[in-house]
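Letter by letter, the sequence shown follows residues 272 to 807 in the working numbering.
Note that these hints are calculated values from the structure, not bench results. Just so we're clear, the structure is a prediction, and the values are computed from it rather than from any experiment. A couple of the hints might just be wrong.
Quick list of in silico lysine to aspartate or glutamate cross-link-like pairs, EDC-like style, CA-CA up to 20 Å [unchecked claim]: (1) Lys734 / Glu613; (2) Lys666 / Glu424; (3) Lys354 / Asp670; (4) Lys787 / Glu757; (5) Lys328 / Glu662; (6) Lys544 / Asp780; (7) Lys721 / Asp595; (8) Lys681 / Glu353; (9) Lys605 / Asp490; (10) Lys666 / Glu353; (11) Lys522 / Glu797; (12) Lys649 / Asp324; (13) Lys432 / Asp409; (14) Lys544 / Glu613; (15) Lys435 / Glu797; (16) Lys721 / Glu662; (17) Lys549 / Asp496; (18) Lys420 / Glu669; (19) Lys343 / Asp358; (20) Lys536 / Glu478; (21) Lys491 / Asp670.
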Amino acid sequence: MKQVNKPVTYALIASMMAVTALAGCSGKTDGGTAKGNEQSSSGSAQGGSVTPDANKKFKISVALSSVVPVDKDGEMLKQYSEKFNTDYDVWNIESNKWDEILNLKFASGEIPDELFVKGFTGLQKYTKQDLLAEIPVDMIKKNAPSLYKEVNETTVPGGLKYGKIDGKLYGIPISNAVRNRKPIVWRGDWLKNVGIDKAPETLEEFEQAMYKFANEDPDKNGKKDTYGLSQTGMQAVYGAFGYIPEFWQEKDGKLVYASVQPEMKQALTMLSKWYKDKVLDPEFITGENQGGYYAFSHAFFNGRIGFTSIGEYYTWKPILYPGDSKSENYIEMKKINPQATEAIVHGVPPKGPAGKMGVSAPNEVNGNFIGFGKQLEKDPEKMAKALQNLEAMNKTYEDYLNSIFGIKGKDWDYNKENGFPGFINGADAKTLSKAGVMMNPFEFKEYTIKRAQPRFDWAEKNKYNVGGISNALLSPLASDGKYKEELKKIEQEAYISIITGDKPIAYFDEFVSKWKKSGGEQLEKEANEWYASLKK
272 MKQVNKPVTY ALIASMMAVT ALAGCSGKTD GGTAKGNEQS SSGSAQGGSV
322 TPDANKKFKI SVALSSVVPV DKDGEMLKQY SEKFNTDYDV WNIESNKWDE
372 ILNLKFASGE IPDELFVKGF TGLQKYTKQD LLAEIPVDMI KKNAPSLYKE
422 VNETTVPGGL KYGKIDGKLY GIPISNAVRN RKPIVWRGDW LKNVGIDKAP
472 ETLEEFEQAM YKFANEDPDK NGKKDTYGLS QTGMQAVYGA FGYIPEFWQE
522 KDGKLVYASV QPEMKQALTM LSKWYKDKVL DPEFITGENQ GGYYAFSHAF
572 FNGRIGFTSI GEYYTWKPIL YPGDSKSENY IEMKKINPQA TEAIVHGVPP
622 KGPAGKMGVS APNEVNGNFI GFGKQLEKDP EKMAKALQNL EAMNKTYEDY
672 LNSIFGIKGK DWDYNKENGF PGFINGADAK TLSKAGVMMN PFEFKEYTIK
722 RAQPRFDWAE KNKYNVGGIS NALLSPLASD GKYKEELKKI EQEAYISIIT
772 GDKPIAYFDE FVSKWKKSGG EQLEKEANEW YASLKK
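Produce the complete structure using the sequences and hints provided.
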């Protein structure tokens, strides 16, 4: 056996999961084509006590939205068929044609038995179209107890509530196993050059550093060509006043839209002053990324700004052990300026005048779900079997690794140096789907951390679990289609105009009034109706 040469990392799997969707079996059941509007919910209502016959051979097809099509004769797929006594009929659907092809299937009366549902919008749409079966909670408890505990207790207490519509469960939510916030990254060499010996922790210290970066030649080239921050760094300023623009956040027990809160007027006042004083990069509107990998900050790499919050925490981490293959920003910047890269300082979001702080962090759930076709309301035994199979993929740590990396000893093995799982024999994330991997959409928190422990230890050491603010609204609103785009345009124009000085600070109040009258009040009403139903 060849030695492991590519230890697995969380971000790699995150990228795999982003392009991989577990959907389901052909709606054409053994008895023919199943049409969603011909089904009743009687079977589902009684399905909590169902246990599938262990001797019965089931047929469950799986549709993948994958970069590389799954080989229907793949070795891992064959193993699963034998192990689970289940024949899998794979639907290979290109990710960029996912909705188009599925809609054609639905129109022809084919409904997947097991369906990866993209987003809360998809869950609501499919439920409204009567394509999804109600999932008895007791059925999950009985046939997938570990999965139930993970999605409803361990990672997200009460997490199943996110998959409910009108009090009925239609989708098992896929939770975010780790919820570390956005990065807070400083040019450590610049801090040292302007006489600052640690990462700023308060907004006052933050502001002092920004002005020093702009005015005290931090790169020592004799030119006034540097700025404190650009687009992504502004989020830390907003967060110091308690809100992240475009987020819905809780205030006094209700949801409010962050961008119209009075505290944002204070943040905009500060940013407007910084723009006028040439502390904020005048090109902030075009952003820090000039192409290539989405998380690159060319303004930071090339010494234009000294602070950024772009990308994810792991894109800025150093290489932690031989074969650690992520750290995209760290690796890219090291090509340009190795010394500056080694001097990077990781900090926490600055605390504002009221002690508030934060940058964006993931929600408890990632917005995607596993659902079942409407026809399974009349075939609860098949639904129970599908749940048992998902449970088996996560039964042990090694079962989990096999479900996402392939066959142990052939596609992956434990690294002899550090004990972490990694690819072998030329296997990688893109080719593994040919073997029939990528059948498991769930990431158990315990397993996720265990397989990449150094990364999470590093993140905790650098306090990436501190100062995260999440969007509290996890559902589309009924009037989004009518108002959302126009409201976003109104907001962006107002914020940019105030920061650049085209509009006075007093214009913020006019903007808030215009936002509310243009549909904002209606969205606030609907957001709080959803929030109230969630609490129930």
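- Message: Lys343 and Asp358 were given as a pair; does the straight-line alpha-carbon distance stay at or below 20 Å?
- Response: holds, 10 Å
- Query: When you check the alpha-carbon spacing of Lys681 and Glu353, does it fall within 20 Å?
  - Reply: Judged against 20 Å, a Cα distance of about 19 Å means the pair holds.
- Query: Going straight from one Cα to the other, do Lys536 and Glu478 come out at no more than 20 Å?
  - Reply: holds, 17 Å
- Hint consistency between Lys420 and Glu669 [alpha-carbon to alpha-carbon, up to 20 Å]: Holds, at about 19 Å.
- Is it true that the CA of Lys666 sits at most 20 Å from the CA of Glu353? holds, 17 Å
- Is the hinted pair Lys491 and Asp670 satisfied, with a Cα-Cα distance of at most 20 Å? Status violated; Cα separation ~55 Å.
- Query: Taking 20 Å as the top limit, are the C-alpha atoms of Lys549 and Asp496 close enough?
  - Reply: Roughly 10 Å between the alpha carbons, so the hint for Lys549 and Asp496 holds.
- Hint consistency between Lys432 and Asp409 [alpha-carbon to alpha-carbon, up to 20 Å]: holds, 14 Å
- Task: For the pair we were handed, Lys734 and Glu613, check the Cα-Cα distance against 20 Å.
- Result: Roughly 19 Å between the alpha carbons, so the hint for Lys734 and Glu613 holds.
- Restraint status (C-alpha distance of Lys605 to Asp490 at most 20 Å): Judged against 20 Å, a Cα distance of about 16 Å means the pair holds.
- Message: For a C-alpha distance cap of 20 Å, please report whether Lys354 and Asp670 respect it.
- Response: holds, 12 Å
- Below or equal to 20 Å on CA atoms is what counts here, so check Lys721 against Glu662. holds, 19 Å
Of the numbered hints listed earlier, those contradicted by the structure are 14 and 21.
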